[in-house]
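Student: Residues per chain are reported as follows:
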Amino acid sequence: MGTLHIRNSQKPPYVKIITKSLAIILIAAAIAGLAFSVYSFLSPLIVKLDANQSQTWIANGAGGLLAAVFFGWVARGIWNYKHWAKTILVIGLIIFILTYFVMIIFAISSSIFAGEAVVPFGSILRVVGVGLFYFLQIAIIPAGLIFALIKIDPYYDESTRQREFVENAIRYVLLGTALSCIIIVLLIFLFTMTEAWQSVEAIGLDTMLLGTVWRPGSIIGTDTAQFGLLPMILGTILSTLGAVVIGVPLSLGTAILLAEVAPRAVRETVRPVVELLAGIPSVVYGLFGMVVLAPLIRNFDVPRNTGFGLLNASIVLAIMIIPTVTNIAEDAIRAVPREYKDGSLALGGTHWQTIVKVILPAARSGILAAVILGIGRALGETMAMIMVIGNSIAIPRPLTDNPLTLFLNTARTLTGNIAVEINYAAGAHRSALFFTGVLLFVMIMVVNSTARFFMRSKKES
Amino acid sequence: MAVEVESIIAQAKTRSSLKRQKISQTFGFILVWFCGLIAVAAVFWIIGYVLSQGLRVIDLEFLTTRPAGGVSGEGGMSTTIVTTLYLVILTIAIATPLGVGAAIYLVEYARDASRESKVVAFLVRAAQMGVEILAGVPSIIFGLFGFALFVLYLKFGFSLLSASLSGAALVLPTIIRTSEEALLTVPRAYREGSLSLGATKWYTIFNVVLPNAMPGIVTGIVLSVGRIIAETAIFWVTLGGSYHLPKTVMNSGRSMALHVYMLASETRAFDKAMGTASILIIIIILLNLSINILSRRLTARMNGKK
Chain A
29 MGTLHIRNSQ
39 KPPYVKIITK
49 SLAIILIAAA
59 IAGLAFSVYS
69 FLSPLIVKLD
79 ANQSQTWIAN
89 GAGGLLAAVF
99 FGWVARGIWN
109 YKHWAKTILV
119 IGLIIFILTY
129 FVMIIFAISS
139 SIFAGEAVVP
149 FGSILRVVGV
159 GLFYFLQIAI
169 IPAGLIFALI
179 KIDPYYDEST
189 RQREFVENAI
199 RYVLLGTALS
209 CIIIVLLIFL
219 FTMTEAWQSV
229 EAIGLDTMLL
239 GTVWRPGSII
249 GTDTAQFGLL
259 PMILGTILST
269 LGAVVIGVPL
279 SLGTAILLAE
289 VAPRAVRETV
299 RPVVELLAGI
309 PSVVYGLFGM
319 VVLAPLIRNF
329 DVPRNTGFGL
339 LNASIVLAIM
349 IIPTVTNIAE
359 DAIRAVPREY
369 KDGSLALGGT
379 HWQTIVKVIL
389 PAARSGILAA
399 VILGIGRALG
409 ETMAMIMVIG
419 NSIAIPRPLT
429 DNPLTLFLNT
439 ARTLTGNIAV
449 EINYAAGAHR
459 SALFFTGVLL
469 FVMIMVVNST
479 ARFFMRSKKE
489 S
Chain B
899 MAVEVESIIA
909 QAKTRSSLKR
919 QKISQTFGFI
929 LVWFCGLIAV
939 AAVFWIIGYV
949 LSQGLRVIDL
959 EFLTTRPAGG
969 VSGEGGMSTT
979 IVTTLYLVIL
989 TIAIATPLGV
999 GAAIYLVEYA
1009 RDASRESKVV
1019 AFLVRAAQMG
1029 VEILAGVPSI
1039 IFGLFGFALF
1049 VLYLKFGFSL
1059 LSASLSGAAL
1069 VLPTIIRTSE
1079 EALLTVPRAY
1089 REGSLSLGAT
1099 KWYTIFNVVL
1109 PNAMPGIVTG
1119 IVLSVGRIIA
1129 ETAIFWVTLG
1139 GSYHLPKTVM
1149 NSGRSMALHV
1159 YMLASETRAF
1169 DKAMGTASIL
1179 IIIIILLNLS
1189 INILSRRLTA
1199 RMNGKK
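Chains as they are written, first to last, in my numbering: chain A, 29 to 489; chain B, 899 to 1204.
A couple of the hints might just be wrong.
[What the hints assert, rightly or not] Using C-beta positions, here's what the derived DEER-type ranges look like:
(1) B:Ser922 to A:Pro365: 30 to 36 Å
(2) B:Asp957 to A:Glu195: 55 to 61 Å
(3) B:Phe925 to A:Val470: 39 to 45 Å
[Stated by the list, open to error] In silico lysine-lysine, BS3-like type, Cα no more than 25 Å apart, as pairs:
(4) B:Lys1099 to A:Lys179
(5) B:Lys917 to A:Lys369
(6) B:Lys920 to A:Lys110
(7) A:Lys369 to B:Lys920
In short, the hints are calculated from the structure, not lab data.
All of these numbers come straight from a predicted model, not from anything done at the bench.
Every residue, glycine too, gets a C-beta built ideally from N, C-alpha and C.
Let the sequences and hints guide you as you build the complete structure.
Tutor: Printed below as a string of structure tokens:
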């Protein structure tokens, strides 16, 4: 680090002035913290404290002392032109500015939007202007400091040891962030399992999985609560089945169209449109099902047909899984080597024969993965389901002798079971809802790992 | 003679089978086009219906007054817009550092580090598995998790903080995956050039790799913004649903999507629900457009550099 030493002796005066004055300000802050700490520690001797004050003096004193040590440490680093001290200072200043900015935003929007009447445009402008003015007033000093510190950066020392320390520290912090996902997964397991355990222990696994009556609490007449999940399991399976029957052929057709048949211009316009389906909020689908599909389904002349139920849910779900299935199936079709297609065409096969007999079989595992991922999406859908499926807690049965009218009956999905009741549930009821979540989680895990298995086998072949 | 007849029959056979093939091809193509047409029609039906019903309701008063609450469904949607904005900002502020950091580790450090030590190799595999699992978890499970951990166990209550922490768990895999892809597209030569000039690894990542991967990372963030705006199940069980404007992060609130749900299920104000839904759809369309533009620019730049 020879160059750094040469630089040390050639510091221009403004660098020295900024550095030393910064260090002096920091030392002043450290002294203030120390004084506060001493005052807090001595306060029990000077004045008589009442009960709830007697605890805080220790915390205040310790806090003051910590702040004093921290500021003193950074001040010493700055005084000696240490790079790390500068970095800490810049980070602290940025955090300060951001916090202040967030506070200003909160203040501005609560004064504009909290009222019930329309706020005149002029006063909105005034509030925003005043808020920004306050922000600039406070933020200008730290911002200037950051700017100055970045400008004088080359004159600050960075020793090899420190550089290595920073590199290692960053590596470990990044490793920590990389582990965040698995930590969240473990936390999900831990919390849902522990919450669910109570009901499993009290009621029994088989009674919950195979029980046909869901009756939380004693409201309905009998004094014992019953937590059988079979109706919801059936509801989930039936609605997903309906979605697969309607949605998968549509999606596969669209995937073939996009990958093989359609000219480029059509492809480039259809694909973003289909992808848009993935972004539309599920409540919008639910609303659509309630307002548009339900009256249409009500046209079927069957007794007790409300329009809400499995058919409505299946149609909504089918539309929701189209983007997932189409996207992955299209990728799988595209991944088929060109030679397969060329070979088939050269042998005299038509384009359609090639698609059906060569390309689709070759893309088999990818297409299967697409369908399974679509099922996974359908299993996990919540809000749209509780809006259109009717949420009845009985096992869905056909409305008339015709078994197909089963799909006109109402039902409830596992996801819906959680969402409908969790906000007011307590005790064993809440625990049973968490068990519903565990069950759903296990189902989705099985489905998704099957899909991953097929994806992997596609890559290997 | 016999041979001739046979060849004629054979010719006729091939001709008819050719014809059959042609017909089946036409039929197949029609079927496929029909599927595509239905998919596109579904999009336009939903969006068209919601927009045509919703845009009628929207005016300045609807946008700037708060919901009246209760079962009447009266009032506007001002507080839900602001709450959604808060949620997006908070969630992204929590998820982006974690997600981008994780992506950097998995792309830039993981291979060397796991060669050096068995423990780290195990951790890296666990981390990758975590991303895969988390990407498939349905949102209601995130909601349950947030409800158990943040609302009940940590006693944050129904609040912006609980909601955005749970929401961050939802978008984390999205951000990690898109950032990983973006980092992988940065050519090796850039890294080698910087390292050979004496820069440290972190300096190289921060000043050379990250700026080049920025469009991809931003795409991931925009995607996550879309998911947060569209998300309802998580916020239904962690955000509460108060129609007042949250004054701090510990207050309950109501996002736009949640507002649609509550209007549709608890009141009969379907027109107001449609109005709110059409604002949501417009935002989603704009976000999708910006993602398309971003990714197009990204591919254009990639091709230009090659």
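Student: Looking back at the hints listed earlier, which ones does the structure fail to meet?
Tutor: Of the numbered hints given earlier, those the structure breaks are 1 and 6, listed in rising order.
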